[in-house]
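All residue numbers for the sequence shown refer to our numbering, where the first residue is 9 and numbers rise by one.
Calculated directly from the structure, the hints in this document are not laboratory data.
Every value quoted in this text rests on a predicted model; they were computed, and no experiment measured them.
Just so you know, nobody snuck in bad clues.
Derived DEER-like restraints, expressed as beta-carbon distance ranges: (1) A126 <-> D64: 34 to 44 Å; (2) S177 <-> E75: 30 to 40 Å; (3) G176 <-> A45: 16 to 26 Å.
Ideal placement from N, C-alpha and C gives every residue a C-beta, glycine not left out.
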Amino acid sequence: MSRPEQHPPSTTGLNELVRAAAEGDQQAWDALVDRFAGLVWAIARAHRLSPADAADVSQTTWLRLVEHLGRIRDPERVGAWLAATARHECLRVIRHAGRFVADGDVDLDAVGTEPEPAALLLATERTAALWRAVEALPERCRMLIRVLMADPPPSYEDVAEAFDMPIGSIGPTRARCLEQLKRRPEIAGI
9 MSRPEQHPPS
19 TTGLNELVRA
29 AAEGDQQAWD
39 ALVDRFAGLV
49 WAIARAHRLS
59 PADAADVSQT
69 TWLRLVEHLG
79 RIRDPERVGA
89 WLAATARHEC
99 LRVIRHAGRF
109 VADGDVDLDA
119 VGTEPEPAAL
129 LLATERTAAL
139 WRAVEALPER
149 CRMLIRVLMA
159 DPPPSYEDVA
169 EAFDMPIGSI
179 GPTRARCLEQ
189 LKRRPEIAGI
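Hey, can you work out the whole structure from these sequences and the hints?
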């Protein structure tokens, strides 16, 4: 059995996919997952959750879609709905954990030798300063930078859908956000 096209060409196709998935069509559900799984994962990782927590957020986000699929008011915006749900689930996990997961951990086994303590401290301080600067940006810039830095990065089409912006605006918006980031005092001299 062949699977539907991974990225439906229009919102009409997306409307039909959501409705078909709500009616139990497995191929339609698979097409939705194929199209938006990268976006959901990128948002979870953009919140700097551990891989296990990011997987839990991803699974919970998809579960929430199953629970609400028949009640989605605007099916062509299911990508934005998934993005918002993933963000809410990330915040729930962070609140539940009572802490933020620090970024910039160094895998000493991957390096092969232990770095000098001064070099390790400097790298950790630079990473922390960079993330403090990112956190000080407006929310839209903060989220866009995090999503675009995710590994693997989502497609521009998925980012455009999640942020409700034209694909052609993503690059210029990212450039403006990075320009704001460069001017932050937290990263002066890095």
